[in-house]
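*Asks:* Below are the chains, spelled out letter by letter.
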Amino acid sequence: MDFFQVFIELAQSTVRVSTPLILAALAGLFTERAGVFDIGLEGKMLGAAFAAGCVAYITQSVYMGLLAAIVVSVLLSLVHGYASITQRGSQIVSGVAINFVVAGSTVILGEAWFKQGGRTPALSEDGRFGTIHLPFADALRDVPILGPIYSGLLSGHSPLTYLAFLMVPASWWILYRTRFGLRLRAVGENPGAVDTAGISVIWLRYRAVICCGILCGIAGAYLSLSAGAGFTKGMTAGKGYIALAALIFAKWRPKNILFACLLFGFLDAFAIRYQGFAFPLIGKVPVQLMQALPYILTVILLAGFIGKAIPPKAGGVPYVKER
Amino acid sequence: MKKTLLTLLATAAMSATAFAADIKPAIIYDLGGKFDKSFNEAAYNGAEKFKTETGIEYREFEIANDAQREQALRRFAGDGNNPIVMAGFSWAAQLEKVAAEYPDTKFAIIDMVVDKPNVRSVVFKEEEGGWLAGILAGMASKSKTVSFVGGMDIPLIHKFACGYIGGVKSLGADYKVLEAYTGTTPDAWNDPVKGGEIAKSQFDQGSDVVYHAAGGTGVGVLQAAADAGKLGIGVDSNQNGLHPGKVLTSMVKRVDVAVYDAFMTAKDDAFKPGINVLGLKENGVDVAMDDNNAPLITPEMKAAIDKARADIIAGTVKVHDYMTDETCPY
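Chains as they are written, first to last, in the working numbering: chain A, 1 to 323; chain B, 1001 to 1330.
Heads up, some of the hints might be wrong.
Stated by the list, open to error - Here are the simulated distance ranges between beta carbons:
| id | chain 1 | residue 1 | chain 2 | residue 2 | range |
| --- | --- | --- | --- | --- | --- |
| 1 | B | Gly1274 | A | Phe279 | 42 to 48 Å |
| 2 | B | Thr1185 | A | Lys251 | 46 to 52 Å |
| 3 | A | Thr131 | B | Lys1281 | 44 to 50 Å |
| 4 | A | Gln288 | B | Lys1176 | 54 to 60 Å |
| 5 | B | Lys1097 | A | Thr131 | 48 to 54 Å |
| 6 | A | Thr131 | B | Ala1093 | 41 to 47 Å |
| 7 | B | Val1277 | A | Tyr162 | 51 to 57 Å |
| 8 | B | Gln1205 | A | Ile145 | 20 to 26 Å |
Claimed, not checked - Derived lysine-lysine pairs resembling DSSO-like cross-links, with alpha carbons at most 30 Å apart:
| id | chain 1 | residue 1 | chain 2 | residue 2 |
| --- | --- | --- | --- | --- |
| 9 | A | Lys284 | B | Lys1267 |
| 10 | B | Lys1049 | A | Lys115 |
| 11 | B | Lys1051 | A | Lys115 |
| 12 | B | Lys1302 | B | Lys1246 |
| 13 | B | Lys1051 | B | Lys1116 |
| 14 | B | Lys1051 | B | Lys1281 |
| 15 | B | Lys1169 | B | Lys1051 |
| 16 | B | Lys1169 | A | Lys284 |
| 17 | B | Lys1246 | B | Lys1142 |
| 18 | B | Lys1318 | B | Lys1176 |
| 19 | B | Lys1281 | A | Lys115 |
| 20 | A | Lys284 | B | Lys1176 |
| 21 | B | Lys1272 | B | Lys1307 |
| 22 | A | Lys284 | B | Lys1302 |
| 23 | A | Lys284 | B | Lys1051 |
| 24 | A | Lys115 | B | Lys1246 |
In case anyone wonders, no lab produced these hints; they're calculated from the structure. For every residue, glycine included, the Cβ atom is placed at its ideal position computed from N, Cα and C.
Generate the whole structure from the sequences, applying the supplied hints.
*Replies:* Set out below in structure tokens:
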């Protein structure tokens, strides 16, 4: 097969695989930049995927599903916020607790409501996000080079995928070009200074946590309403943790997040496609090695090739007004 | 309050006596869970059939992680359950230990051989069912490229793949079969998103029929096939109805018969330990035909699989078993 065609197909697969990672990593960006560490991305995504699957099935409306996903994810975020901002508990413990509670309760609720072993019933066309075909995609398919890129790579994705990619510049703009963003970043570095300026640290952190919930909700909805057709237990399969790794890898910056997630997505897509494929010179690469490749690369790159990843200074520390 | 408690106690005592008269069968499912629409669900159906026919209640348990295996098994054996059926090859190591400790309890394990005097091992010739599925896939394919998505990368799943590849290649050497596995950990049975992505990548490479042996992951594979207008092939249970008209057939493995049989023979005191191999000849495996896939099956296809089935039963066609030497000659 033509090399260029293969490249387009791989790129397309990469985009699909990276979408939930980008959304979840951006979600983590908002809270961590405000000084609240969040291990619970995985749990929020899973909870959102479950809510989306249930509501989309019952209402037969994909938008109600998306809304439910966001609501559930924001509620879980607020639980995390209440434990770690208001009650000044350990942010790590609260995040892990959310992961466990969601992993268990989605299966129990799903089993109680639908009796399919924690799975939600398969969604029909109305209950899922279709793909958006950009105008002229079919007409331009035969144009050399640009045609396949336009109709193969840019067109034909879920609306949530376009949203995820738009959220990258949007997040950058919010964090670096608005007053809210400036304060949000400041509260993650030096909450005392923000408090001195007369701005509520608590309320600011709560807003950051809500932003995180919204983005995690969209990521979860993507899994059950777009990539899949319904919820399956444990369907996030560690994507929340990979997003967290991508966030650290990207040194808490929106543009880097995009590239980190695309890299992880590409490695995944590559491993899927070239399983058991005999490469010239190397020969057949064992499946196990292919599947371990993303993780090996993460370790190597994190071991010093990207420089030091410095987290926000006040990250993980609850704010106490007066000691 | 007191009265309710008393009534509760009374019913408990009564049901206990009723129980003691009969056998106390139990079944333990594997990680995919009872309603995976596939392997474990077939086991569940067998147990349910036994319950409706005999009225004997059975105990069941779905493990949530590998660490629970030995605990669950020992608990069931300790409580006097007999026989105990385990669905899944992963139980072998634990069963080996527990079976020796409870020599009077009868055990049955599906998909694995455990050599103990009180254990019945039921294994299937998945390669024979896969061969038939491969013939159907090859005949339905327009691109002469078909594919396979496995769950966890283990010899048992390669056995499914090998028979399938053999069946496809029996139609002609110019057929191409793509083969991929979801992962190397038990999570690979429950990742429909990745399953769908693998299927899409195979469609990009020209495949137009995809066969999965991936438990819960396979739900995503069949979904991707239905979305892309390609054909999927189900496994273990009859999955033709998941996407009517988009699932070519299902390689059914009569796990339900194996479970039902273990319970039933134990009830009639005729439970025989030893190895029980179920192939096409014993009706242990087959390709599912029903109203959902009837429009997809042409008379030529039907004739081809009928011939292949007869050949395999007669022994003129021998399908290679991957597990014997861990290679696939096709």
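*Asks:* The structure should be examined with respect to each hint, and the outcome stated for every one.
*Replies:* The hints, checked one at a time:
{"no.": "1", "hint": "Gly1274(B) <-> Phe279(A): 42 to 48 Å", "in the structure": "holds (46 Å)"}
{"no.": "2", "hint": "Thr1185(B) <-> Lys251(A): 46 to 52 Å", "in the structure": "violated (30 Å)"}
{"no.": "3", "hint": "Thr131(A) <-> Lys1281(B): 44 to 50 Å", "in the structure": "holds (46 Å)"}
{"no.": "4", "hint": "Gln288(A) <-> Lys1176(B): 54 to 60 Å", "in the structure": "violated (24 Å)"}
{"no.": "5", "hint": "Lys1097(B) <-> Thr131(A): 48 to 54 Å", "in the structure": "holds (51 Å)"}
{"no.": "6", "hint": "Thr131(A) <-> Ala1093(B): 41 to 47 Å", "in the structure": "holds (46 Å)"}
{"no.": "7", "hint": "Val1277(B) <-> Tyr162(A): 51 to 57 Å", "in the structure": "holds (53 Å)"}
{"no.": "8", "hint": "Gln1205(B) <-> Ile145(A): 20 to 26 Å", "in the structure": "holds (21 Å)"}
{"no.": "9", "hint": "Lys284(A) <-> Lys1267(B)", "in the structure": "violated (52 Å)"}
{"no.": "10", "hint": "Lys1049(B) <-> Lys115(A)", "in the structure": "holds (18 Å)"}
{"no.": "11", "hint": "Lys1051(B) <-> Lys115(A)", "in the structure": "holds (19 Å)"}
{"no.": "12", "hint": "Lys1302(B) <-> Lys1246(B)", "in the structure": "holds (18 Å)"}
{"no.": "13", "hint": "Lys1051(B) <-> Lys1116(B)", "in the structure": "holds (27 Å)"}
{"no.": "14", "hint": "Lys1051(B) <-> Lys1281(B)", "in the structure": "holds (27 Å)"}
{"no.": "15", "hint": "Lys1169(B) <-> Lys1051(B)", "in the structure": "violated (43 Å)"}
{"no.": "16", "hint": "Lys1169(B) <-> Lys284(A)", "in the structure": "holds (21 Å)"}
{"no.": "17", "hint": "Lys1246(B) <-> Lys1142(B)", "in the structure": "holds (15 Å)"}
{"no.": "18", "hint": "Lys1318(B) <-> Lys1176(B)", "in the structure": "holds (21 Å)"}
{"no.": "19", "hint": "Lys1281(B) <-> Lys115(A)", "in the structure": "violated (35 Å)"}
{"no.": "20", "hint": "Lys284(A) <-> Lys1176(B)", "in the structure": "holds (17 Å)"}
{"no.": "21", "hint": "Lys1272(B) <-> Lys1307(B)", "in the structure": "violated (33 Å)"}
{"no.": "22", "hint": "Lys284(A) <-> Lys1302(B)", "in the structure": "violated (37 Å)"}
{"no.": "23", "hint": "Lys284(A) <-> Lys1051(B)", "in the structure": "violated (50 Å)"}
{"no.": "24", "hint": "Lys115(A) <-> Lys1246(B)", "in the structure": "holds (25 Å)"}
In this structure, the hints that do not hold are numbers 2, 4, 9, 15, 19, 21, 22 and 23, in rising order.
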